[in-house]
Structure formats: C-alpha cells, structure tokens
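Line order of the protein sequences matches chains A and B. The first sequence begins at 35 in our numbering and counts up one residue at a time. The second sequence begins at 21 in our numbering and counts up one residue at a time.
Note that these hints are calculated values from the structure, not bench results. From the three backbone atoms N, C-alpha and C, an ideal C-beta is built for every residue, glycine too. This list has only true hints and no planted wrong ones.
Label-pair restraints from in silico Cβ distances:
{"id": "1", "chain 1": "B", "residue 1": "I179", "chain 2": "A", "residue 2": "D106", "range": "30 to 40 Å"}
{"id": "2", "chain 1": "B", "residue 1": "D96", "chain 2": "A", "residue 2": "A175", "range": "54 to 64 Å"}
{"id": "3", "chain 1": "B", "residue 1": "G104", "chain 2": "A", "residue 2": "K112", "range": "48 to 58 Å"}
{"id": "4", "chain 1": "B", "residue 1": "A213", "chain 2": "A", "residue 2": "Y284", "range": "42 to 52 Å"}
{"id": "5", "chain 1": "A", "residue 1": "R42", "chain 2": "B", "residue 2": "M42", "range": "50 to 60 Å"}
{"id": "6", "chain 1": "B", "residue 1": "I102", "chain 2": "A", "residue 2": "E89", "range": "47 to 57 Å"}
Which bits of chain B does chain A cover? Going by a derived footprint, with three or more residues having C-beta under 8 Å, they are:
{"id": "7", "segment": "55-68"}
{"id": "8", "segment": "145-153"}
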Amino acid sequence: MVVKIEARGLGLGYGETRIWKDLNLDITEPGLVGILGPNGVGKSTFMYALNKILEPIEGTVYLDGVDIQTMDYKDIAKLVAYVPQQSNETFAMSVLDTVMMGRYPISGFTTTEEDVRIAIRCLKMMNLTDLAMRNFNELSAGQHQKVMIARGLAQQPQILMLDEPTSNLDIFHQVYVMKLLRDIAKEQGIIVLVICHDLNVASRFADRLILLNKGHIAADGPSEVVITPENIKNVYNMDADVVNSDGRPYVIYHVDESVSMGEKPPSGSKEVD
Amino acid sequence: MKIGNLLTELRDRASLSKTLVMTDGESDEDFVFREYKVARRSKVLFLAAFALLFLILVGYKITLGEYDIGFFDVYDTLWKHITGSIDPLDPIQRMNDNVVWEQRLPRVLTAILVGVGLAAAGAAMQSMMKNPLADPYTTGISSGALFGATLAMTLGIYIVGGYYGRVLNAFIFALVPAVFIIMLSRWKKPSPAMMILVGIAIMYIFNAFQSYMMLRADPNAASSVYTWSVGSIGMTTWEQIPIIGVISILGFAALFIMTRTLNALNSGDAYAKSLGINVDRVRILCLILISIIAAGIVSFTGIIGFIGLVSPHIARIFVGSDNRILLPASAMLGACMMLICDIVSFLIIGATLQIGIVTAMIGGPIFMLILIAQQKEVW
Chain A
35 MVVKIEARGL GLGYGETRIW KDLNLDITEP GLVGILGPNG VGKSTFMYAL
85 NKILEPIEGT VYLDGVDIQT MDYKDIAKLV AYVPQQSNET FAMSVLDTVM
135 MGRYPISGFT TTEEDVRIAI RCLKMMNLTD LAMRNFNELS AGQHQKVMIA
185 RGLAQQPQIL MLDEPTSNLD IFHQVYVMKL LRDIAKEQGI IVLVICHDLN
235 VASRFADRLI LLNKGHIAAD GPSEVVITPE NIKNVYNMDA DVVNSDGRPY
285 VIYHVDESVS MGEKPPSGSK EVD
Chain B
21 MKIGNLLTEL RDRASLSKTL VMTDGESDED FVFREYKVAR RSKVLFLAAF
71 ALLFLILVGY KITLGEYDIG FFDVYDTLWK HITGSIDPLD PIQRMNDNVV
121 WEQRLPRVLT AILVGVGLAA AGAAMQSMMK NPLADPYTTG ISSGALFGAT
171 LAMTLGIYIV GGYYGRVLNA FIFALVPAVF IIMLSRWKKP SPAMMILVGI
221 AIMYIFNAFQ SYMMLRADPN AASSVYTWSV GSIGMTTWEQ IPIIGVISIL
271 GFAALFIMTR TLNALNSGDA YAKSLGINVD RVRILCLILI SIIAAGIVSF
321 TGIIGFIGLV SPHIARIFVG SDNRILLPAS AMLGACMMLI CDIVSFLIIG
371 ATLQIGIVTA MIGGPIFMLI LIAQQKEVW
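Same shape as in the complex, but just chain A:
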C-alpha cells in the first residue's frame, strides 16, 4: 500500500525570503516522479518540506493522511529516505559503514548481521562491492553519489527522495540509476521522487513529471504533457524541438549563437509576492 504525499497551501522560505506560497500537490500513485525546474526555483526546498527537514511557514504536508508536524522525526524516517545532492562528511568512514548509516532509523544503536547484509546488497545494486572497505573520502564525486543512493536504498523506505542523484554520473550510470529507481518504484510499489535537470533522462524514465517555475507548478503529468516546446520556452527561456524517441518526448535544444545567453536567463526562484 503506497504512502501518499499531500501538500496543502504550503508556504516555504528561509528567513525573510519566501520561495513557495500556497502550493498544493498530491502524489498518491507509486512510481518514479521527476521534479524539474530552473536553478534556484525551490526544488530542494520543496523536498526538504516533505520530510520535515524544513518546517513550512504555512500550510501542511500529509504523509498517508497524517500531518508531518505532528509526527516524530523517527516516524518520518521510517517512511521517507532522503538522498542529498552532495556528500557532506567531515570525518569519513568506510563505504560500507556509510551505507549502513541508512539502517539507523530501523536498527538504532546496534548493527545486526541483517543490517550489514542489506547494506552490502544495496552496494551491489550500485556496483560498488569492490569499494566496500575503502574510505569514503578516497572516492570520486560520482562514486560518492552512488554510495549515497545505496545509503538511501538501505533505509528501505516507503518514499525515496533523491536530490539530483545523477548530476555527477557518467551517461551509463545516469541511465543505470534512473532505470534502477524506476524498477524499484514499480516492484516495491513505492513513490520515488527525483529532482533532475536532464529533461531527456527524466522524460525517458519518469512515470510523472512536475515542472516548477517561479513559485508555482508550471506543468504536471506524464512526460508527453510536461515536455513540450512551450513549457521549455516558458520555464527555461530556451527554444527547443521535442521529438519522439522510444515512445517518450526527446528534447533537441536550439542555441542562437548571435544572442548572448546572459541576456535572458530563466527567472528561477524570484521571490514570490
């Protein structure tokens, strides 16, 4: 049974800066959900609000019908796993120990053999068993990203949220990770929420796309509804053609060399009125 996400009248921001106002969104079906939008539009902020990392200024987020403000952090962690955009370790542990940290909400202080084996299986899913005993700091940025995805999987969540999980990965691993996430969502019947900048990768693998722009949802639906030349022009200020590739929209961008790219950047996270 899928754990549903419902946002009602959500207002989010940092200090005086308001990024979201009156945001309403339902994610009730299992599958891979891609969140798209220009830099600074508030994609990560939105994700933070869904697992109480950031408390909303107004409005409510419900997980399976329960207001998350009334939920303990521990209860949320048993439902939702979060994979950050970048690794942020000061004192790195081994790769396996890092992945096992994902077991914390389930096993607490102790580590059982089952915890270790689950962590190893998650590393195996990311083709990382060779690096299991290496120090996390010795790895490349792409390998860091794969370890963090494995750590998120080790949490065995009902909702998996990933903030740009493919940003440091080569093409093979971008496709591999997105395909893996889609399959996990399908097989386990869970919601996998992915912030993504590559429209083509998102279009190819996501069951649903949510395109964000300037404090509102610009488009929401299957990729053929969201990935259109009009939406790309409106949100990213880019001219593009959209063609069909393997039954999914595929974007071909046009770059006018005679116009400076700096003249009209996408407006992104202009503060909401």
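Could you slot chain B onto chain A? The hints should help.
Structure of chain B alone, referenced to chain A:
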C-alpha cells in the same frame, strides 16, 4: 615519504581486511561481509592494544618517585589493597601500600579521568560540529569553566554555595560559550572556521576577566590559583576523585550512547534529520554533557589543553571515524597521553611539572604534524 602518505599507509596496514582474498565459490556478499568482520576485529584489536599500553603506563608511572618500587610490585600492591590482603605486620607491604595507594595513585587516577573525559568530549565535539579543530578548549568552554571556578576561588562569588559551588560555577560559565555555539549554529549556519574563531574570541574574553581577577586577588591566593589554572593533577585528593570519576565516566558513557547519532551529524544536519534525529535537541544535550565534563575537570585540575584536540585525531588513524569505536579509543588514548606527559615531565625535569604545560609542549607539535599531514581540506 610524505607524512600524509605515511598516515594513509599506517591506516591501511591497520585494517587487516585489506589482505583478504576471495575464496572459490564465495559470493560477493559473503566476501564483503567477511571483510567487514575482519575490519571490525582489527579495530577491537587496536582497542585491546591501547588498553595494554594503558596498563603498562599506569604501572610504570607509579614506579616513578623517590621511593623505589618495581613494576610488578605496583600491581601486586594494588591487588592486595583491593582484596584487603595487605599484611599489617609486613613493613615493606605497608610502605608499598602507602606509597602506591595514598601518595601516587590519586595523581595517576586524576590523569586517567581527565584524559578520558577531555578526549571523549573532544571526539564528540569534533563530530557534532563537523570540525577537526573543535574541543572544549578551542570553543571557549574550558575558559568559561575556568573563569567560573576562579570567580569562586578568588572573589568568593558562588552562584550556588556549598562544597560543589566551585564546580557549579564552572558549569554555569561553561554553558555560556555552549549556548553561543547552539544559537550560532541554529541561526547563522557558520562555517567551521567561523565557529572556532568565535570560540577563540570567547576564550580571550574569559581569559581577560581571569587575568583581571588574578591581578586584583590577594597575591598568595593568586599564586595558588595560577598554579592550579595552568593544569595541575597533583592537587587532587582521594575525596575529590569520586567526583571527577563520576563526571568523567558518566559523561563518557552518556556520549557513548549518542555515538551513532554523532555519526549521522557528521553527514550534515539535513541528512541527520532525514534519519529521524532531532538535530537541535541532540546538539543541546551533547553540549550540556561536554560542559559538565569540562566544568568537572577544570574545577579540580585547571585547563589542560590539546588532549581533547589531539587524542581523537590519533585514534582516527587507527580505528577510523565511526564514533562507536572512536570514542572509546580516543578516551583510552587520552588517558595514555596524560600518563605519557606526566612521565615525560618527571623523567626530563625530574620534578612534577604542571601537566597543562607539558601537554601543550607535546600536544602542540603533534597537532601541527597532523594538520600538515592532513590530505583533505576540511575547513
């Protein structure tokens, strides 16, 4: 060979799992699981080695002094005292007992408890603040405690009176920088460098008030306060040791319970929250515990620098950064370092120099070495 490479080499050699080979028919999962178990075992072996070093240092330290007593006689006397089997008719046994138990053991126990408390506090603070320079000294917590205790000793100003008034004074003023750190990390999102600079600023402010009080105090009182404040373990009595013991050991135990949480904090606040950790609550609890440890130690021994800073860094080379192993390893190394500094001061100077001076003389160069060897910039 570069120092950094040397440390990496040392750490790699320390992990016995590097030498394992996959056997025929063994799955990936089983092989990695075996590697994991061997790596854990090698870390426990290091803990055992530190414990052995600790026992050797304790025995050796007690042999040092004008009265000659052998290494094994020390442990024999300790055992006989604990089991109550000292022969009252044997003058040598009685003399040994008096020297070991009454004269030398309080100093040794103080050194151990201070080492355990400061090193555990340092290790916890470094993980909690994601800062390799953090310890009760560099964050101004020890200076606050010193100021509070001095206030009681020189001017007789107690927030709460009684026998424990000095410790309570120290604790209240140790909380000042701790509260500042909490407020700063909550509202300003400071960089690690900013955090330490703020700690140093607080330290200077407290030191200025401390100097002012010393200048205004009666010269005799000022002299004894100064001797205590630079880090002295020779003044503690058997009556005071249980207090330092309770503060240090219980403080260590409480921090140990929080070690997996500290591991998560080391990955950043956002990720720690997503693991179900109430980051603000944990940070407050941790800083209160560290303030209690620092206040308890500073009240009786003055400021002893570098133990809290250096011990976790050395322990990390051998056992890695998992706080569940790192905290006990740091505590054990902290106790060993205190004993080594006390032994060195006795052997070189021939008298018992204030240990705070020796820990700085030895700990300073070690810390510089670690900083230079560090391969990754962390601030």
